[in-house]
Every structure is written in structure tokens, then in C-alpha cells.
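Asks: These are the residues of each chain, in order.
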Amino acid sequence: TQLLEQSPQFLSIQEGENLTVYCNSSSVFSSLQWYRQEPGEGPVLLVTVVTGGEVKKLKRLTFQFGDARKDSSLHITAAQPGDTGLYLCAGAKTNAGKSTFGDGTTLTVKP
Amino acid sequence: NAGVMQNPRHLVRRRGQEARLRCSPMKGHSHVYWYRQLPEEGLKFMVYLQKENIIDESGMPKERFSAEFPKEGPSILRIQQVVRGDSAAYFCASSQTDTSNYGYTFGSGTRLTVV
Numbered sequence: 319t320q321l322l323e324q325s326p327q328f329l330s331i332q333e334g335e336n337l338t339v340y341c342n343s344s345s346v347f348s349s350l351q352w353y354r355q356e357p358g359e360g361p362v363l364l365v366t367v368v369t370g371g372e373v374k375k376l377k378r379l380t381f382q383f384g385d386a387r388k389d390s391s392l393h394i395t396a397a398q399p400g401d402t403g404l405y406l407c408a409g410a411k412t413n414a415g416k417s418t419f420g421d422g423t424t425l426t427v428k429p
Numbered sequence: 002n003a004g005v006m007q008n009p010r011h012l013v014r015r016r017g018q019e020a021r022l023r024c025s026p027m028k029g030h031s032h033v034y035w036y037r038q039l040p041e042e043g044l045k046f047m048v049y050l051q052k053e054n055i056i057d058e059s060g061m062p063k064e065r066f067s068a069e070f071p072k073e074g075p076s077i078l079r080i081q082q083v084v085r086g087d088s089a090a091y092f093c094a095s096s097q098t099d100t101s102n103y104g105y106t107f108g109s110g111t112r113l114t115v116v
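Protein sequence lines, in the order shown, are assigned to chains A and B. According to my numbering, the first sequence is numbered sequentially starting from 319. According to my numbering, the second sequence is numbered sequentially starting from 2.
The reader is advised that the hints may include incorrect statements.
Unchecked claim - Cβ pair distances, simulated, as ranges:
(1) A:GLY358 with B:ARG15: 18 to 26 Å
(2) A:ASN336 with B:GLN81: 46 to 54 Å
(3) B:LYS63 with A:THR395: 42 to 50 Å
(4) A:HIS393 with B:ILE77: 35 to 43 Å
(5) B:GLU69 with A:THR380: 37 to 45 Å
(6) B:VAL116 with A:THR395: 39 to 47 Å
Since the hints were made in silico from the structure, they are not lab data. Glycine included, every Cβ here is placed at the ideal spot set by N, Cα and C.
Please take these sequences and the hints and turn them into a complete structure.
Replies: Okay, here's the thing in C-alpha cells:
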């Protein structure tokens with residue numbers, strides 16, 4: 319059972335464009351993380367969102383946690399080639415230890 | 002202040018051999034998690050360990066796979082009698098607490114190829 323669904327699976331855009339990727343679930347999570355992974359490397363944590371409705375901004379990246387804590391979105395403004403990578407969302411539940419990952423969105427930003 | 006260290010980075014094994022993957026968590030972290038990743042897919046949970054204890058092995062195949070995190074030394078993920086379907090990237094992550102609410106620090110992974 320896939321608890322976290324990410325869309326789109328693949329996204330190819332030109333430098334300077336805006337984009338949004340989504341992470342949806344039927345389960346409620348106590349927190350949700352977004353990671354970025356480059357080829358040949360491990361995922362790197364970008365942000366953790368905890369409160370329903372929370373919005374966090376990191377430079378050109380905006381993360382939102384749904385009011386019901388079941389879904390999240392990542393918006394990138396004016397994408398750059400350096401944003402290319404696999405974006406993974408992961409849901410955590412209190413006292414569960416492990417996180418559940420989505421299958422990711424592969425983003426390619428062309429110069 | 003080293004991060005999570007995994008070795009080897011690449012491992013090639015013939016079918017039927019054993020694979021041993023090592024993970025040293027960040028200093029001060031006593032919780033270790035192993036995940037497996039197939040090409041262009043997300044990470045699938047395998048096992049969660051604390052020092053000398055397996056806390057959750059619900060994602061671990063019942064046969065051929067085992068994991069340990071001894072009192073001294075790195076965590077080891079062991080795969081016996083490897084098959085081609087075991088080819089994947091195996092990632093280790095560590096955390097300070099028993100919750101993943103704050104996210105993980107991942108190692109660079111071990112890429113296992115079974116020939």
C-alpha cells in the first residue's frame with residue numbers, strides 16, 4: 319500500500335519557470351519532511367513541517383502542509399539548473415520511529 | 002564532525018555470495034534506520050535499530066536479510082545468498098531520538114550490484 323503519492327512523477331522545465339509538486343495521502347502524519355536527492359548521493363533534508371496549514375519558505379522554495387496534515391506541496395519560483403534532482407516527501411508519525419517515503423518527483427531544469 | 006558514513010560505496014557480488022553493508026551513525030546518534038531504493042523510486046523502509054536492539058524490522062524480508070547494531074562498532078546490514086533482485090541502493094540514516102518527526106541525516110549509500 320502506497321501511503322504517500324507524489325505528483326507529477328517527472329517534470330522537465332526551462333530555467334526561470336515556476337513549478338509545484340504535490341505529496342498526498344489518506345493518512346494523517348504528525349510531521350512531513352521534504353528531501354532532495356542528487357544522483358549517486360543520499361537524500362538531504364530540506365524542511366520539516368509540523369503544524370496543519372504551516373507554510374515555510376527557504377529562498378525560492380515554499381513548502382505548505384495541508385490543514386488536515388495529510389498532504390503537502392513544494393513550490394519553486396524561478397527554477398534554476400541547480401534545482402535539478404529527485405524531490406522526496408516523507409511522512410512521520412509520533413512514536414512510529416520510521417518515516418514513509420513517496421516515490422518522488424524527478425525535476426529537470428534546462429538552462 | 003563527520004556525518005553518516007556508509008561503506009563500501011559500491012559493492013559487486015555474484016549470485017549466492019554474501020553482502021555486508023556498514024553504517025556508522027553521526028556522533029551522538031543512537032538510532033539507525035536502513036532503507037532500500039530501486040532506480041527512480043522512493044525509499045522503502047527495512048529496519049530500525051538502536052544499540053543492541055532491533056526496534057522495527059517490519060520492512061525486512063523474512064529470509065536472507067539480517068541487521069545488527071552492536072554496542073561497539075557500526076550497524077551492519079547482511080544479505081546472504083544474494084540474488085539479482087537484491088541489486089539496489091541501500092541507505093542508512095541516523096537520528097538522536099526515537100521519532101522521525103525531525104527528519105533524518107542520510108549517508109551516501111551503498112550501491113549493490115548482483116551479477
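Asks: Determine for every hint whether it applies to the structure shown.
Replies: Verification of the supplied hints:
no.: 1; hint: A:GLY358 with B:ARG15: 18 to 26 Å; verdict: 23 Å, holds
no.: 2; hint: A:ASN336 with B:GLN81: 46 to 54 Å; verdict: 49 Å, holds
no.: 3; hint: B:LYS63 with A:THR395: 42 to 50 Å; verdict: 47 Å, holds
no.: 4; hint: A:HIS393 with B:ILE77: 35 to 43 Å; verdict: 41 Å, holds
no.: 5; hint: B:GLU69 with A:THR380: 37 to 45 Å; verdict: 42 Å, holds
no.: 6; hint: B:VAL116 with A:THR395: 39 to 47 Å; verdict: 45 Å, holds
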